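Numbering-wise (my numbering), the sequence shown opens with residue 58 and increments by one.
Possibly wrong hints are sitting among the right ones.
[What the hints assert, rightly or not] Capping the alpha-carbon separation at 27 Å, the derived lysine-lysine pairs in DSS-like fashion look like this:
#, residue 1, residue 2
1, K227, K199
2, K227, K299
3, K199, K299
4, K199, K155
5, K227, K155
6, K313, K299
[Said to hold, decoys possible] Computed Cβ-Cβ distance ranges for the label pairs, DEER-style:
#, residue 1, residue 2, range
7, G145, E288, 41 to 49 Å
8, H333, E111, 38 to 46 Å
9, V302, D329, 29 to 37 Å
Hints listed in this document are in silico derivations from the structure and should not be mistaken for laboratory results.
None of these values were measured; they are calculated from a predicted model.
Every residue gets a Cβ at the ideal spot worked out from N, C-alpha and C, and that includes glycine.
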Amino acid sequence: MPNQSLQQAYVAFQAWKRVIYSDPMNFTSNWHGPNQPFLWNPPPTLSNLSLLFELDISNNRFVGPFPSVVLSLPSLYFLDIRFNEFEGPLPPQLFNKKLDAIFLNNNRFTSVIPPNLGPSTASVVVFANNRFGGCLPPSIAKFADTLEELLLINTSISGCLPTELGFLYKLRVLDVSFNQIVGPIPYSLSGLAHLELLNLAHNKLSGIVPEGVCVLPDLANFTFSYNFFCEEEGICSNLTSKGIVFDDRRNCLPEKPLQRSKKECEAERPVDCFDHVCGKSTSNSAAAYHIPLSSIPPP
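Please work from the sequences and hints to get the whole structure.
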């Protein structure tokens, strides 16, 4: 049970601090409230919790590197560390664990997404709102037998979408919006028969929107606005006729309203993904996207 007297004292001190406008001696500097970051440094003995199946430390503003003790939890099935301030690289060993759900979003992770992903058993992986950079590795195919939702919103990834995304035959949700991805949509995505939501918005994708994606049987929402597509194949130009929610604004589509200027479209050069090297700049015509993490709704 919480101590009622301490709780009332805390409320009083915080109210008092808010009305103090002049504090030349800095007396209130250590009047910290619940919004102060806190270093989460669990003891190694946490790994002795052999029956711990779910670990949820989300929404706490914990700071520090990825909590490596997680890798030692033998029965862990569900990991949620989102909405904290963890930073640094992700350990590749994380994706070797038999986890069903991995929520890493809204932290400060950097480096790159580990190039050797898996073999993983996860059905949901959320990388969103971090600062990874680099490219989505082809090893994502190792998630094929289990992955249903993959969210990479605002992770600073670049390069081309790997063909191996099309191997994720159970995928229902794929969101790679607000990144710097280039090149065409891989035709392999036409094989994702269970895909319901595909969001490619706010990247530097170009070329043709393939009809094979637009006729996927379960597709309900397809967003590819704010790219450089120049053609929509077949039914892709009028997906509302199929009852699909779609957004094709700010591309280079002839005869479509609300498109980019002719100057912007002519300046953007097509990218050959067979020759593309991850991390190499391909165009100076579009600035790298940088948006505050707080401006993007949580997944």
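Which numbered hints are broken by the structure, listed smallest first? 3
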